[in-house]
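**Student:** Sequence:
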Amino acid sequence: MKKIAHWSLKSQFVLGFALILLLSLLATAATYVLGALLFIRLEYSSVYPANYYEKQLPDIRAYIRQENTRLLDPAAKEALEQQVPESGILYQVVDSDGNYLYGTLREPVFEGRQQLYDGLNTLTVHRGRYVLTVPIVDAAGQISAAVLLSYMLSPTYAEGREWLAAVYAAVLLSPFFYILLFTLLFAKKLARRINEPLRMLMQASRKIAGKDLDFTIDYRADNELGQLCAAFVQMQGELRSSLSAQWELEREKTEMIEALAHDLKTPISIISGYAEALLESGASEDKRRRYLTVIRDNARKSAGLVRQLQYSAELESFEGRLQVSPLEPAAWTEKLVKQFEPAAGSKEIRIFFQPEGSPGTYLIDSEKLERILANILSNSISYTPAGGRIEVGLKASGRQLCFRIRDTGPGFAPGEEDKVFERFYRADKARGQAEGHSGLGLYIARRLVESHGGQIQAGNAEGGGAVVTFTIAAARDET
1 MKKIAHWSLK
11 SQFVLGFALI
21 LLLSLLATAA
31 TYVLGALLFI
41 RLEYSSVYPA
51 NYYEKQLPDI
61 RAYIRQENTR
71 LLDPAAKEAL
81 EQQVPESGIL
91 YQVVDSDGNY
101 LYGTLREPVF
111 EGRQQLYDGL
121 NTLTVHRGRY
131 VLTVPIVDAA
141 GQISAAVLLS
151 YMLSPTYAEG
161 REWLAAVYAA
171 VLLSPFFYIL
181 LFTLLFAKKL
191 ARRINEPLRM
201 LMQASRKIAG
211 KDLDFTIDYR
221 ADNELGQLCA
231 AFVQMQGELR
241 SSLSAQWELE
251 REKTEMIEAL
261 AHDLKTPISI
271 ISGYAEALLE
281 SGASEDKRRR
291 YLTVIRDNAR
301 KSAGLVRQLQ
311 YSAELESFEG
321 RLQVSPLEPA
331 AWTEKLVKQF
341 EPAAGSKEIR
351 IFFQPEGSPG
361 TYLIDSEKLE
371 RILANILSNS
381 ISYTPAGGRI
391 EVGLKASGRQ
401 LCFRIRDTGP
411 GFAPGEEDKV
421 FERFYRADKA
431 RGQAEGHSGL
441 GLYIARRLVE
451 SHGGQIQAGN
461 AEGGGAVVTF
471 TIAAARDET
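Residues 1 to 479 (my numbering) make up the sequence shown, in order.
Just so you know, not all the hints are guaranteed correct.
Straight-line distance between alpha carbons at most 30 Å, and here's what the computed DSSO-like set of lysine-lysine pairs gives [what the hints assert, rightly or not]:
1) K335 x K395
2) K347 x K419
3) K395 x K338
4) K55 x K77
5) K10 x K189
6) K10 x K188
7) K347 x K335
8) K395 x K419
9) K287 x K189
10) K189 x K207
11) K347 x K395
12) K188 x K207
These are calculated hints, taken from the structure and not from any lab test.
Can you build the whole structure from these sequences, using the hints too?
**Tutor:** Structure, rendered in structure tokens:
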């Protein structure tokens, strides 16, 4: 059986509540038993029985009959009160019509002579108290007055024993005391169980704040706190993985910088060599033009590598902000494709635009879409051999635009389809050997596609060559 500390918090609360009630009930029962025994023990010495004052009525009635009409004199009040116990019996002297003359019971009990006569020598009930009416008969045998004696049948305390009332009240209120007592005890114990894992979590959070992941949370329980601790341990593992990934990224960055330095070294060396040749020799105009052309091409190649690296760094702070404007994608894409025809024509590569239908007008971030297509088309031109072919397709489907770029190059190596979109990825074969390849073009394309809420995929066509397909989410322009 699991330890109670490993139960769910709800179960622990329910168990604690049940135990509080049970223990309070048992303690209350024990208190009531002890109180009853105490009451029985003191009943005759400290507590008057319920009929204590009722037993005194015959003596009082005999005194009333003895004094008879003399009690009508207010001067007899003091002597009568010496016979009537002040703490237990109230009395009232009335005339033959039931009118109050004097006494400790001031409110009227009977209304009129008839009610008074009906109540003579009998017990009546008035406001929860018993009333005995004793007649006063004059010398002529007529009822001239009466004395009413009012009392209750309930235990009463002897004089000087008022403290027993406090004990009696304490016994009656004991359930509330026990509930409060056991609630405090169980709350303290439950708080101790909860504080143990919370203390571990607080220490762990302080270590994380101090960038220290070397800690353990030794708390195992199948409850909410155990799940929280397990989640914290999982977070610790994720943070370690994240740091490892960050270290790996730093390593890749270092390798990429070394690779870019190597890529830049070649065109810069060429530029330097041709520039020195121009300075040291009296070259002809034709030779000077060829040298300057080589210098220009290598300078552009170096600038392109630097621009890609700079844009990749900018993407790290890019938060998906798009600056959309109305755009007719078919006409816009056709115009963009034509801009690559000179670069493709230099390698005798034919490039075709093949839209499906008329998509209409959409709200698109044209600058970012241009960079996506430019990176993919530049790769295709670089890897497509002379005399090859590149096809650019466009299809609209609801709120999505789908682009498909296919070339007749060597295609992607097996297992390379997903890796080509990773940052700094540089393959060793086929498409990875193109001159000036930085490993950032398709990575930038993927990030920009995802910022449009789309997806990008790479693969090989059935007849050979590479195929890159991507979709972007775009709203129609209803204006």
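**Student:** It remains to establish, for every hint, whether it holds in the given structure.
**Tutor:** Consistency of the hints with the structure:
At most 30 Å may separate the alpha-carbon atoms for a hinted pair to count; K335 and K395 meet this at roughly 16 Å. Taking the CA atoms of K347 and K419, the gap is about 27 Å. The hint holds against a cut of 30 Å. For the hint pairing K395 with K338, the CA-to-CA distance comes to about 19 Å; that is within 30 Å, so the pair holds. This hinted pair checks out: K55 and K77 have alpha carbons roughly 22 Å apart, not beyond 30 Å.
Restraint check: the Cα-Cα separation between K10 and K189 comes to about 15 Å, which is no more than 30 Å; the hinted pair holds. Under the criterion of a C-alpha separation no larger than 30 Å, the hint pairing K10 with K188 is consistent with the structure, at around 16 Å. Proximity of K347 to K335 is assessed by CA-CA distance (about 20 Å); at most 30 Å being required, the pair is judged to hold. Straight-line distance between C-alpha atoms of K395 and K419 comes to about 26 Å, which keeps the hinted pair within the 30 Å bound.
Between K287 and K189 the alpha-carbon distance is near 94 Å, which puts this suggested pair outside the 30 Å criterion. Distance restraint check for K189 and K207: the Cα-Cα separation of roughly 28 Å lies within the 30 Å cut-off, and the hinted pair is therefore satisfied. For the given pair, K347 sits about 28 Å from K395 by alpha-carbon distance, which is consistent with the 30 Å threshold. In summary, the hint linking K188 to K207 is supported, as the alpha carbons are separated by about 28 Å, within the 30 Å threshold.
Violated hint: 9 only; the structure is consistent with all others.
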